[in-house]
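A.B. asks: Residue numbers (the UniProt record's numbering), protein chains in the order written: chain A, 1 to 350; chain B, 1 to 350.
Take the hints with a grain of salt, since some may be wrong.
Copies of the same chain are indistinguishable here, so a pair counts whether it falls within one copy or spans any two.
Said to hold, decoys possible - Here are the simulated lysine to aspartate or glutamate pairs, EDC-like style, with alpha carbons at most 20 Å apart: (1) 318 x 109; (2) 99 x 109; (3) 99 x 197.
These are calculated hints, taken from the structure and not from any lab test.
None of these values were measured; they are calculated from a predicted model.
Number of protein chains: 2
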Amino acid sequence: MACRRKRPRLSANEEADGSADFDRFYFRAYGDISIHETMLGDTARTNSYRSAIFGSGAIKDKVILDVGAGTGILSVFCAQAGAKHVYAVEASSMAEQAKLVIKCNGVEDRVSVIQGKVEDIELPEMVDVIVSEWMGYLLVYEWMLSSIIFAREKWLKNNGVLFPNTASVFIAPLGDCEDLRDRLKFWEEMRPLYGVEMASLQAYARKCLTDVVHVQLVPPQNVQAHACQVCHINLKTVQEEDLSSVKGNFQFKCFGYSRVCGFVVWFDVTFPDHSQLSTSPYAEPTHWEQCIVYTKETQDVAQDTEITGTLELKPHRKVSRYVEVDLTYKFGNSEETHKQSYSMDEGAGS
Amino acid sequence: MACRRKRPRLSANEEADGSADFDRFYFRAYGDISIHETMLGDTARTNSYRSAIFGSGAIKDKVILDVGAGTGILSVFCAQAGAKHVYAVEASSMAEQAKLVIKCNGVEDRVSVIQGKVEDIELPEMVDVIVSEWMGYLLVYEWMLSSIIFAREKWLKNNGVLFPNTASVFIAPLGDCEDLRDRLKFWEEMRPLYGVEMASLQAYARKCLTDVVHVQLVPPQNVQAHACQVCHINLKTVQEEDLSSVKGNFQFKCFGYSRVCGFVVWFDVTFPDHSQLSTSPYAEPTHWEQCIVYTKETQDVAQDTEITGTLELKPHRKVSRYVEVDLTYKFGNSEETHKQSYSMDEGAGS
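Excised from the complex, chain A in its bound form:
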């Protein structure tokens, strides 16, 4: 089954501040069926969780908290893998559907669905394991990771474990970007097509396209160097304050001659059995695809050209569930360090 569609972007009033107003939108999106088709139609994602839950001894006879349970599938996996009890917490109206799913699978004696935000609900006991699929584009989009930290602090036993238990962000230079080139060249095609010269719009198009994060699949041959892990998050120890700025340095040597026009960013998570869910261009495609940020100008690089820089992800200043990306980069021994910022919000960049 092919991955049907991308995870919908969230929409919000620009002036919302990431609190109550925005959360209504957030949970409304997860109340719609389409987002669940996307997530369950993504077999790489769902099977990674399934095999980690079944393949690990960490679930059997344990008490589990499923944060953002959605349709309840991860809770059913846990019950099937022998969990003692599962608390399936879901804020959206999908909680009602999860109850039906739990019942149809004959595990209602061991799975309790609780409708509410994990920040608001009460559980009758501490849990051994937290299971959650909280990852957004660029890993952090939606910033649901905050809720996992909250749940860990309040409900996870000291020796408890998390599924996933680590998350990493990777970056690599993008060579020879056909899509950007095609989208800029489009404006040269208006004259032969309609007899109207519109190449003057290329500069504006480039500005629009280099201001935002693009979600799309990147063919492996367009990755121009060994990727660099810019940050590694241990879910057991990460603190809320660490999320105000998720950042790190990168350094790579380009494989060969190419024209670099941006960077590709993706993430991996790992589970307690050391299995992995990767959204890399080299892995089975997922609905997260990869994220691209274009540089303002393309740069020809020769073999072994070194590119160094920093990547920083932080909550968007206007809507805190969105992401702002700050990038610096330098080619070889150039004196010049380029700085660029990108927005990942609801509308642009697809």
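Assemble the complex: chain A is given as a structure, and chain B must be docked to it using the hints.
C.D. replies: Same frame as chain A, but now just chain B:
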């Protein structure tokens, strides 16, 4: 050149009331490059305007108002077709780009770009012709037609003409809907795929999918009767109050045996030279594609079964640039008249 993408949906805070707040979003969307790629990449759309402007005697030596000029391409067409002067009014930041396009095409002496909403700006003279591409999904989505009426009342001479000058909405029954069937069947596939029974979600999925308007291309063979024109708008005479409810009756006889699971809705507009831009399933595809509304239950129909009903389009009660669809329909001599409402908003239904 294939149509690249759909016109983006607008996003807005649920509580916005269609006035200042929402308009900021609206014009921001048109300030981004992607929407203009969509519109100009739609050759059926753009060539219809081009041939109507060039093929009609109504432009030469006339004063033109282009409402929502965008990149300015329709204004350039008018100048090329011999307009005496064109006022290109554009509220979004795209106005700056339109100025460059006008200049590059050597028509800056005959085209003035005015940044502002047509409701706010002043022109030095009355105009002979209003040109505008104001149509949204279901014809009325975005409700930009209000701005055309405003512009007509304030700036069009008594004997002036409009491009387009008429608009019609059509409806037809949709037979044998694979997409809906596939999306519902999806939930049966979870058991073989993941060992989790999720067919119980079908009812909820059906509810979600039958609450909203879907934008997609409908193959002509899925149209199950001769379409019915439910309303016809004369742009010269339509009044603002007519837009509070765009509605009409329909009646068709089904071609043959089929399973009807909804209706397909589309629109046509015509130009003063009687040429047409059609978004019908039988015409060249456009970025508007077609709109589908699903019925709560499918209905088997035999050849010549009559379906009668009413279609009503009105501003959404929460966000007035969105659309609410009220549909009633009856099969054959059945006593039962079905009533159903749909929302066309920013998120769902793609």
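A.B. asks: Between copies, within a copy, both or neither: which fits residue 99 and residue 109 at Cα up to 20 Å?
C.D. replies: So residue 99 and residue 109 pass the 20 Å test inside one copy only (11 Å; across, 68 Å).
A.B. asks: From the Cα coordinates, with 20 Å as the cut-off, is the pair residue 99 and residue 197 best called within, between, both, or neither?
C.D. replies: Answer is between; shortest inter-copy Cα gap is 12 Å, intra-copy 59 Å.
A.B. asks: Is it within, between, both or neither when you check residue 318 against residue 109 at 20 Å Cα-Cα?
C.D. replies: neither (44 Å within a copy, 42 Å between copies)
Taken one by one, the earlier hints fail for this structure only at number 1.
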